[in-house]
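Undergrad: Read off the chains here:
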Amino acid sequence: MESFTPLSALLGGAMIGLASAILWVGNGRIAGISGIFGQLLPPAKTIVWRLIFLGSMIGASYLAYYFLPDLSVVGGQQFEDIKLIGNPIWIAIAGLLIGLGTKIGNGCTSGHGVCGLARLSFRSLVGVVIFFAVAIITVTITGVAR
Amino acid sequence: MNDTLKPFYLITAALSGALFGGGLYISQMIDPLKVLRFLDFSAIPSGGWDPSLGFVIAAAIGVMFIGVRIANKRQTPLFNGKFLLPDLKNIDSPLIVGAVLFGIGWGMSGICPGPAITLIAFMPENILIFLITMFAGSFLGSYILKWMTPRRTNHNGEQAI
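So the protein lines, in turn, are chains A and B. Sequence positions in the first sequence follow the working numbering and run 1 to 146. Sequence positions in the second sequence follow the working numbering and run 1 to 161.
Bound conformation, chain A alone (with noise of 0.2 Å):
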């Protein structure tokens, strides 16, 4: 477990619920990213503050790395290591069946997983109880982490 940084993701996972706080009282709206991205395309109805969030999630997460390039490097993994894996085929394989899951399952892990769970929505419950076991199969068939 040398790689387990709990404090980092406790700090990193209490702001991502402040951010679902905020946006579910201030303008009673469900934090979930692919619902806030997968309505940017027609037949949109509201833009504007959707491209508002992403730009500002974008920013905060730079400015982050910025102020906190050391926070990163908890786990042993230099920042500038991050990369995707697999080839390219892969990778639009994998981001194809995320739009396809995440829209026609109607969330993702925001939305369902931190969203839904904290409604008490048992929909959203049985949603994270499947992605989670597929995605822990996929992960063991493929080896893709190790």
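Just so you know, the hints here were simulated from the structure itself, not pulled from any lab data. Since we're looking at a predicted model, the values are computed, not measured. Just so you know, nobody snuck in bad clues.
Below, simulated EDC-like cross-link-like pairs (lysine to aspartate or glutamate); rule was C-alpha separation at most 16 Å, straight line:
id	chain 1	residue 1	chain 2	residue 2
1	A	Lys83	B	Glu125
2	B	Lys146	B	Asp92
3	B	Lys82	B	Asp3
4	A	Lys45	B	Asp3
Per the computed footprint, the stretches of chain A lying under chain B, defined by three or more beta-carbons under 8 Å from a beta-carbon of chain B, are:
id	segment
5	17-24
6	94-101
Think of the CB as a built atom: it goes at the ideal place given N, C-alpha and C, for glycine as much as any other residue.
Once you have looked at the hints, place chain B on chain A.
TA: Structure of chain B alone, referenced to chain A:
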């Protein structure tokens, strides 16, 4: 003016997005390998398993749970006319099919939609391939969803999630 264009609504969206992106960075969940090391349960016996992702989700759910309690005491959100609650409750085939497809893609890549978009900040090689195919999948998925659920309707034509 449309509620969703008012300053406080947009400031809330910006603040929420910033906390979300900062949280993904600090928790290192933007690193695909870190996510895969959680999903790799085969590494548990050897001690190589990384439980970090579980801590991220647990902390996020804990804080959001308080947010849900606060919201439940209110008739409306602060800056909008109503809470856009997902109106789907039943376990149907799109939920199951979608979760299976997403699970396969997530297990192949270690990237879910939040980190995928946040990685634009760092532009690792091939991220654009991932983003373009993810958007294409979402677009295609909206037609498959319509075909699977011809009678499903959404409030004001927009999904809450």
